[in-house]
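A.B. asks: Sequence:
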Amino acid sequence: MKKKGFILVTIITLLLISNVAFGVSSSTLDGTVYSFGLWSLLPPIIAILLAFITKNVIISLFIGILSGTILLNLNGADILGTITNGFLMIINIMLGSLADSWNAGIILQCLAIGGLIALISKMGGAKAISEKLAKKANSSRSAQLITWVLGLLVFFDDYSNALIVGPIMRPVTDKMKISREKLAFIIDATAAPIAGIALISTWIGYELSLIKDGYSYIGQEVNAYNVFLETIPFRFYNILILIFIVATAIFLREFGPMLKAERRALKTGKLLGDNAKPMISSDTSEIVPDEDIKLSVWNAIIPIGMLIISSLVGFYHNGYLAIMGGENIDLITLLQNSPVSLAAIRETFGASDASIVLFQSAILSTIVAIIMGVVQKLFTLEEAIDTWIQGIKSLVITAVILILAWSLSSVVKELGTSTYLASILSDAIPKFLLPSIIFILGAVISFATGTSWGTMGILMPLTIPVAFAISPENSFIVLSISGVLTGSIFGDHCSPISDTTILASMGAACDHVDHTKTQLYYAVSVALVAILLGYIPAALGMPIYLVLPISIIAIISIVYFIGKPVKDQDLETVNIDE
31 MKKKGFILVT IITLLLISNV AFGVSSSTLD GTVYSFGLWS LLPPIIAILL AFITKNVIIS
91 LFIGILSGTI LLNLNGADIL GTITNGFLMI INIMLGSLAD SWNAGIILQC LAIGGLIALI
151 SKMGGAKAIS EKLAKKANSS RSAQLITWVL GLLVFFDDYS NALIVGPIMR PVTDKMKISR
211 EKLAFIIDAT AAPIAGIALI STWIGYELSL IKDGYSYIGQ EVNAYNVFLE TIPFRFYNIL
271 ILIFIVATAI FLREFGPMLK AERRALKTGK LLGDNAKPMI SSDTSEIVPD EDIKLSVWNA
331 IIPIGMLIIS SLVGFYHNGY LAIMGGENID LITLLQNSPV SLAAIRETFG ASDASIVLFQ
391 SAILSTIVAI IMGVVQKLFT LEEAIDTWIQ GIKSLVITAV ILILAWSLSS VVKELGTSTY
451 LASILSDAIP KFLLPSIIFI LGAVISFATG TSWGTMGILM PLTIPVAFAI SPENSFIVLS
511 ISGVLTGSIF GDHCSPISDT TILASMGAAC DHVDHTKTQL YYAVSVALVA ILLGYIPAAL
571 GMPIYLVLPI SIIAIISIVY FIGKPVKDQD LETVNIDE
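Quick note on my numbering: the sequence shown kicks off at 31 and runs consecutively.
Hint data in this document are derived by calculation from the structure and do not stem from the laboratory.
Heads up, the beta-carbon is just placed ideally off N, CA and C, and yes, glycines get one too.
Incorrect hints may have been included.
Distance condition first, Cα-Cα at most 30 angstroms in a straight line; then the derived DSS-like pairs of lysine-lysine [to be verified]:
#1 597 with 242
#2 205 with 461
#3 165 with 297
#4 162 with 443
#5 300 with 165
#6 290 with 300
#7 307 with 594
#8 443 with 300
#9 166 with 597
#10 165 with 205
#11 242 with 157
#12 461 with 307
#13 300 with 594
#14 205 with 307
#15 290 with 307
#16 290 with 547
#17 324 with 205
#18 597 with 461
#19 547 with 407
#20 307 with 597
#21 461 with 423
#22 407 with 300
#23 166 with 242
#24 300 with 461
Restraint ranges, calculated between C-beta atoms of paired labels, are given here [to be verified]:
#25 356 with 463: 49 to 55 angstroms
#26 356 with 461: 51 to 57 angstroms
#27 128 with 359: 45 to 51 angstroms
#28 570 with 86: 43 to 49 angstroms
#29 126 with 67: 21 to 27 angstroms
#30 359 with 412: 50 to 56 angstroms
#31 579 with 499: 41 to 47 angstroms
#32 367 with 248: 43 to 49 angstroms
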């Protein structure tokens, strides 16, 4: 570690003394366009590398942010002043990240749902539903498939997916000796991938707005929703990663670090690695129901059902108010004439502030859970509040990491990292390679910045005009749009500084670096199939009814022929009592 630390210090020192030679320009945070070129990649690279080297996400993110603020404060020979100002800037950036209403809503939502899960556990609801699911999930295969199905059911929001599915299925997968790394992968791979292609979700409004604006650059007015529907068959990564999960569950075959993790869990019962640091507080182990209470699944179903239903209703109501208070006459007329039509629901969901709605729903569900527990005399009101606070404590570490991840994202935005990466896109690109290049570029940007939405916002205005210039065919433009939307999700899926990746680790109570490392092999494998057997053949004119089945067969073949059996013998089930 001393050698690695020396190398890091050397890099930063060289950076400070060579800013003129490398054409770095800096300024204050006043909207100035920064021109850091290759150096703009330094903060995310440092954060990502240190995360894998140290296995300490907080320190890695902090140093990554510091390297970025130092870049932003470069002022010639005053190295000490640059470092000091860079350190002080971190505080302002973190305060700015927390002051953002969306970010604050996500933090409050996470903490509130943590308290809700604690109450459900204290009432015995989590244990009851786990025992019920365990009867259905009597094998590793069925446990993974049930987790996958639950992930699909929570289609409306990726954050909710991670926060709901993980705590419900963790006791079941633990009994089936499924590693926390595999649970985290299933959660993560059924979060953004399904939310990104769901016909109604918190994503769709943003995606539709990007598509509509992108077409405006080429002077075309289109039905953005119809274009979105046309992209779904070409969202190869989203579709194939969902198939990949099913294949690994059915065949009980894994490869790469995941195979090692699964064999460790099955043979030794160790659900986490020896040096793992699960993203959940040890305090949650104390939140258990009293032994003499009667377990009831309704103590879980009602609060969680309230969370889901109130979220859906809240998305509509919040979006309805936003639209009716706006100036879009067409949308206002739509809500007045057909308030419960699919189009109206789609538009209201897209216009809603998901962070606020989910926080409101979590508080409402918490109140319901407290009332249920007090009425059943499972705990007193004072005990309920204490339990809720204890659940919040378990997610404080997640809140800290999210704030740091958002702060790093702010720094790389100021440095122009995304703009620099996007500029790599060449002017002379063969037609059949454009969708693949867009996919790869989206993956690189989202991996480096930890944000899929930000990447979509950067690339979509570039992609549609470039695709139109190369080929004005609608099918080709749609394929290129798919490359933006899926590439952004793929890179975000792999990034250790992504908030959704962090939440998946938290939901599974898994070591974050171990989750990222094991997931990376699978995500990259699926992405290669998406490019080689998806985007390239589709761009060459092969019909989707051939491209998609061939890609799916390839995914299944990879799992079966490259993957190795988790068990030494081909056993069908793992008994709970083993």
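A.B. asks: Can you give the numbers of the hints that this structure goes against, from lowest to highest?
C.D. replies: 1, 2, 4, 8, 11, 12, 18, 19, 21, 22, 23, 24, 25, 26, 27, 31 and 32
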